[in-house]
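Novice: Protein chains in written order, with numbering that gives the first Met the number 0: chain A, 0 to 226; chain B, 0 to 226; chain C, 0 to 226; chain D, 0 to 226.
Simulated from the structure, these hints should not be mistaken for lab results.
The structure presented is a predicted model; accordingly, all values stated were derived computationally and were not measured.
Yeah, the Cβ is synthetic: ideal placement off N, Cα and C, and Gly gets one too.
Warning: the hint list may mix true and false statements.
[Said to hold, decoys possible] Not the full set, but computed from the structure, chain D residues with beta-carbon under 10 Å of chain A:
hint: 1; residue: Lys-74
hint: 2; residue: Tyr-76
hint: 3; residue: Asp-77
hint: 4; residue: Lys-106
hint: 5; residue: Tyr-109
hint: 6; residue: Gly-110
hint: 7; residue: Gly-112
hint: 8; residue: Thr-113
hint: 9; residue: Asp-114
hint: 10; residue: Phe-121
Number of protein chains: 4
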Amino acid sequence: MRFSARLTVIMSLFTIMTVLASLTFKKTQKVIFFGDSITAAGAKPGGYIMKMKDALAKKGNSDYDLIGAGIGGNKVYDLYLRMDDDVLSQNPDVVFIYIGVNDVWHKASYGTGTDPDKFEKFYTAIINKLLDKHIRVILCTPAVIGEKTDFTNQQDGDMNAYSQIVRNLAQKWHCGLVDLREVFHTYELSNNPGNKESGILTLDRVHLNEAGNQLVADKMLEVLLSK
Amino acid sequence: MRFSARLTVIMSLFTIMTVLASLTFKKTQKVIFFGDSITAAGAKPGGYIMKMKDALAKKGNSDYDLIGAGIGGNKVYDLYLRMDDDVLSQNPDVVFIYIGVNDVWHKASYGTGTDPDKFEKFYTAIINKLLDKHIRVILCTPAVIGEKTDFTNQQDGDMNAYSQIVRNLAQKWHCGLVDLREVFHTYELSNNPGNKESGILTLDRVHLNEAGNQLVADKMLEVLLSK
Amino acid sequence: MRFSARLTVIMSLFTIMTVLASLTFKKTQKVIFFGDSITAAGAKPGGYIMKMKDALAKKGNSDYDLIGAGIGGNKVYDLYLRMDDDVLSQNPDVVFIYIGVNDVWHKASYGTGTDPDKFEKFYTAIINKLLDKHIRVILCTPAVIGEKTDFTNQQDGDMNAYSQIVRNLAQKWHCGLVDLREVFHTYELSNNPGNKESGILTLDRVHLNEAGNQLVADKMLEVLLSK
Amino acid sequence: MRFSARLTVIMSLFTIMTVLASLTFKKTQKVIFFGDSITAAGAKPGGYIMKMKDALAKKGNSDYDLIGAGIGGNKVYDLYLRMDDDVLSQNPDVVFIYIGVNDVWHKASYGTGTDPDKFEKFYTAIINKLLDKHIRVILCTPAVIGEKTDFTNQQDGDMNAYSQIVRNLAQKWHCGLVDLREVFHTYELSNNPGNKESGILTLDRVHLNEAGNQLVADKMLEVLLSK
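This is chain A alone, in the form it adopts within the complex:
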């Protein structure tokens, strides 16, 4: 083979490799949002997942395929019980875990909340199953049950405690963290001078209104794109 011929071959191979490489880099990442009714609503029009899609589209970023996997009333062990069917079977690249409100809330409303040590155990089991599959895992602290800023919402003690468990797990397992509890509290200090229990970021003390969905979308996107 002559030199030019060899060069042509080499160039061609290089082109193919480049194309292949670009295909690899452009491979869409499947992102699953795994949670409760807040996430179920997040996948509907106006929800935080839809707002993230819109924001990515505006940026011309087509790297991510965002998929909601929220079911109303879910607690951490509900996620555990359905993670094979609803998450692992879809081979996601990234999973946001956004759980904890019902683990706390159901103590008072049904008598079936989750003990903090069990919350940590099931949460750890979920994280480990995901990490075993080399899935990127991003944890979210539960935001609020009641928006009063002076820590007089009935569940504030538990919400602070369970959020701390989530923060510790993120650190221990080197997961991403969207600290919604912190983000919301900071926002409320500036935007809820009347110490209202709802209407600032939530409709009903728990479920997100327009501003709440926007805030969650912004913070999640920030963490998603930070890597």
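Given chain A's structure and the hints, the job is docking chains B, C and D onto it.
Specialist: Relative to chain A, chains B, C and D alone:
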């Protein structure tokens, strides 16, 4: 009447007035501490009521007769139900009301806590019955269920909320206030660097240890003597 | 006196007596139904109080004036707190007390149910205030939270226990009794072969449907007219 | 080979086979009792597991090795979380599952009971993991929280409901069943004429006294030996 006779009369009257005045000033004030198991323990050796007695004795102050009326497990409506028998029948001059821990705690431990609006209604009814008898009323906010300083104790939200109700009632009805919730929190910030849940001012997250009884005694005495 | 004059007098006296008698017999009895949301609904079209009115009208019985005094969410101590305003101020002749469902139910749904001994104390206080005014008092056991017939409804244990407290109070204070718990259970055994939790006498496990309102109306009327 | 030689060989083989078979039959069965504090106490002197051992020893039956695996406060998902470590790692032949009291009780005492559908899901997951390993599984209904016979114990509704879930699971998965709820109720009807809440089969409404441990031991042994 001669001068000396007049002087004798004047002197005599002065003596009588002095004696009368001293009788008035020396009339012992009956002080009842109306509460739950914390107050029941407060009347035992080492308890906060005993510490107040000791402190008054040391000052040589014999103006007050301190009487414990605490019963374990009591909530605000237990006080209401037994106030005729245990308080009014004794014709007290001063009543400390120290209640609220079980109203919050029994939500989780028995499902029979007190709704905040009912807490306020029964508390108001007690205050009014006492004020109608011209009894001096001093309210105490419930101190702690758990001593962690970062507001991660399970009942912190409710403890803050019910304490706020008590503060508002003190203001509304011009009662004295011993803000134990505030006093304890300030003390813990300085003395509980490890964020422990018990052992600083309590034995078991709720019931007072030596330091806790001393702190309560100091603050109550301060308010009692402030008038 | 001539015969005609005597006759006139006798006739006149007879007339007066008749009028007096009719006044006595015709004096309308004011009947207050004192309870929770079940009684609030009972005063609306199709409700058990309206059905009692209809039944009395059909009989041509105008002896009773039926008045609803139900408020949603009420527990026994809510009745106690509002009995002066809502009952005694109206000078009723008869009071039906129909309470207990929320005292049991709120244990699980809010953590603010009523301890059984407090239930008995406040219920006793209500009865005594009414009896002191010579008001006829008729107690009702709480019917159902869930219609399953095999005692697998979550609150069946408590519903049985609190109903027993009401039965004992009726006996102790010689009050009338409408044993709705017993009446409903007997009805369900015949009419709920599928062991359903709602739809037989209730809409939603607690609040009465058409058949439930009819059954309550029938039994209450029976007891009201039994004296 | 002559006939007698062949006969000898055959006889020898038969003997060897018989010995081998008897060895197989005599292989001790490892039996694990998987449960909560009732089972933890069952493994102590006087406990139901010790009574079963004694009974087997009296019969000269050495076929079973009985092992307690009870931990106080356990609910069904605690069993699930520790079944690899505490049960499967021991390669048992038989597992008794005796759980449910805390799943019901913790609703009122901590707000962290188990929803009935989750109770069924985790229970099912445990059964399936055991059946996959060809382990014989025997289910026990939770006996009592309170011994009153007229279904006025607070948790009777749930205890009946959760027991029914266990019965249904035993039928569905062809497991053995020790219906302690039924056994206890029958015993109480004969032996608790005073409708006492404890002292007949329990020390404290839940944990077994001497008679309770004996009754559980008798019934479990009956089912264990029934196959």
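Novice: Each hint: holds or not?
Specialist: Going down the list of hints, with the structure as the test:
no.	hint	verdict
1	Lys-74	holds (8 Å)
2	Tyr-76	holds (6 Å)
3	Asp-77	holds (7 Å)
4	Lys-106	holds (3 Å)
5	Tyr-109	holds (7 Å)
6	Gly-110	holds (3 Å)
7	Gly-112	holds (5 Å)
8	Thr-113	holds (6 Å)
9	Asp-114	holds (5 Å)
10	Phe-121	holds (8 Å)
The structure agrees with every numbered hint stated previously.
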